[in-house]
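Participant: Listed below, chain by chain, are the residues.
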Amino acid sequence: MNWVNPILILLTAFLAIFVEASFDGVRHWLGAQIDLLPALMVYASLSSTLPVVLLLAVLSGLWFDSLSANPLGITILPLFLVGVLIYLRRGLILRDQFFAQFTLGLTASAIVPALTLLLLLSTRQTPLLGWGSIWQWLVMSLGGGILTPVCFRLFDGLNHALSYRPVSENSFRPDREIRRGR
Amino acid sequence: MLRRPHYIALGLLGLLTLIVLNLPSHTAGQLKLTIGSFFLPLFGLSRTSHQLVGEAGDALTPRKELLRQNQQLRLTNQQLQVQSMQADAILRENEQLRLLVGWQKQTPWKLKLASVVVRDPANWWQTAQIDLGSRDGMRVDLPVLTPAGLVGRISAVGLTRSQIALIGNPGCKVSAIIEKTRETGIITIASGPLDNSLVVLSYLSSNSNLKPGQVVTTSGLGGIFPKGIMIGQIAEDSRPVEFGLYTEARVKLAANMGALEEVWVMLP
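These protein sequences, in sequence, are chains E and V. So for the first sequence, the working numbering puts the first residue at 54; every next one is plus one. So for the second sequence, the working numbering puts the first residue at 5; every next one is plus one.
These aren't lab readings, by the way, just hints derived from the structure by calculation. Note that the coordinates shown come from a computational prediction; the quantities given were computed from them, not determined experimentally. The reader is advised that the hints may include incorrect statements.
[As the list claims (entries may be wrong)] Heads up, simulated SDA-like pairs for lysine to any residue below, C-alpha to C-alpha not over 25 Å straight-line:
(1) V:177 - V:150
(2) V:177 - E:176
(3) V:231 - V:101
(4) V:177 - E:180
(5) V:184 - V:224
(6) V:177 - E:141
(7) V:177 - E:171
(8) V:256 - E:180
[As the list claims (entries may be wrong)] A few chain E residues that don't get close to chain V, going by computed Cβ distances all over 12 Å:
(9) 61
(10) 133
(11) 164
(12) 206
All C-beta atoms, glycine included, are put in the ideal place defined by N, C-alpha and C.
So here's chain E without its partners, still in its complex pose:
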């Protein structure tokens, strides 16, 4: 199994959460912090195996909640649900198409926060919600949609650069060389 791809995905998730928690630039400009995890989940579910999807959901969910006021573990389920739904239909998805990547990223980035909020409300938490939350939701969805194709380009490039590629065999064989006589 090629371990470069899962390691790269998990490392990016870790760094993305750190950046989201440390830098407030996007929040100041747009009023909402864009989350990269749904976009990563789309990439992982279209490019990796189910254990990787599971690992990404669990680890990134725990990391995200550890820096947030969310109850620990609340983000795991929405991420995994999105990941597994895409994973089950990956045979029907044209993963190399920009439009497919954008649409999936947009949908995933819309579903994950909505499901997380639903879970929070069902566990009697009182998150800060209002009319402004709709704007935040739109920013998160669009941001996720735009970042998903970027993720695909980035990871495909990194995989191309770092992964082992089997040597392609050509049809030339010395023993089959035609010896031309005079």
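Following the hints, complete the assembly by docking chain V onto the known chain E.
Facilitator: Relative to the frame of chain E, chain V by itself:
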């Protein structure tokens, strides 16, 4: 189409989520801070890079500007020393009067400087984390402020970091008083998720008539926040809510919540 491995994965995940979500709050809090400590090297790296940038900026500041700032700081220092002497005299007088009247002696609060290292990555909470933990004497419910005004209270404590619930977060309610009219109310939540500089002052009496610009401070009720800490100013006229049962008004916070870098924690 779901197959057996998918069912197993879903089941395992559901079980794990259920277990983690049902952990006792203390255990979950400790686990949260432990998992969060994986980010410590990155926080250290971030802080070092900030320091390097700051030092590089300092090195570029002209000598003339430094001398001017030094002179200004000397002046401010002298003024503050005089004010401190006056405050000491008033404090002594206050203690003597308290002794004469028989009131309980007030213990002064100590302040500890902390750096804000993390802002909540989720858009629906207003929390932050500071670089002081239980080893630095932090504990839950200690007030946090900036020189401009109140910021919030400590809501969870780890060994090296603590979480602050900022004013406006649903988990941080503050009993407040209007300086001019002496009316009391409760700062409940931020007026909206987009603007964290405005909060709602609620549960004011039904006949209160607040005007913009009136100063709001902590009332000392509730036992968490000491009396007299600046919160902000009334931003607009108060309005009746819940069919006139009580009134509420929006308060513009004195502390800049969008640019918190260093905060003070009040220790008893």
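Participant: Are the Cα positions of residue 177 of chain V and residue 141 of chain E separated by 25 Å at most?
Facilitator: violated (45 Å)
Participant: Holds or violated: is the Cβ of residue 206 of chain E farther than 12 Å from all Cβ atoms of chain V?
Facilitator: Its Cβ never comes within 12 Å of chain V, the nearest being 24 Å, so this holds.
Participant: Taking the closest pair, is the beta carbon of residue 61 of chain E still more than 12 Å from chain V?
Facilitator: Residue 61 of chain E is indeed farther than 12 Å from all Cβ atoms of chain V, at 17 Å.
Participant: Going straight from one Cα to the other, do residue 177 of chain V and residue 176 of chain E come out at no more than 25 Å?
Facilitator: Given pair residue 177 of chain V, residue 176 of chain E holds - Cα atoms ~20 Å apart, limit 25 Å.
Participant: Are residue 177 of chain V and residue 150 of chain V close enough, with their CA atoms no more than 25 Å apart?
Facilitator: holds (18 Å)
Participant: Regarding the pair residue 231 of chain V and residue 101 of chain V, is the alpha-carbon distance no greater than 25 Å?
Facilitator: holds (19 Å)
Participant: Beyond 12 Å on every Cβ pair: is that true for residue 133 of chain E relative to chain V?
Facilitator: violated (5 Å)
Participant: Please verify whether residue 177 of chain V and residue 180 of chain E have alpha carbons no more than 25 Å apart.
Facilitator: This hinted pair holds, its Cα atoms lying about 14 Å apart.
Participant: Quickly compare the C-alpha distance for residue 177 of chain V and residue 171 of chain E to 25 Å and report which way the hint goes.
Facilitator: The given pair, whose Cα atoms are some 24 Å apart, holds under the 25 Å limit.
Participant: Checking the smallest CB distance to chain V, is residue 164 of chain E really beyond 12 Å?
Facilitator: Check passes; 15 Å lies beyond 12 Å.
Participant: Please verify whether residue 184 of chain V and residue 224 of chain V have alpha carbons no more than 25 Å apart.
Facilitator: holds (16 Å)
Participant: Would you mind confirming whether the straight-line C-alpha gap from residue 256 of chain V to residue 180 of chain E stays at or under 25 Å?
Facilitator: OK: residue 256 of chain V and residue 180 of chain E at ~21 Å, within 25 Å.
Of the hints listed earlier, those the structure fails to meet are numbers 6, 10, in rising order.
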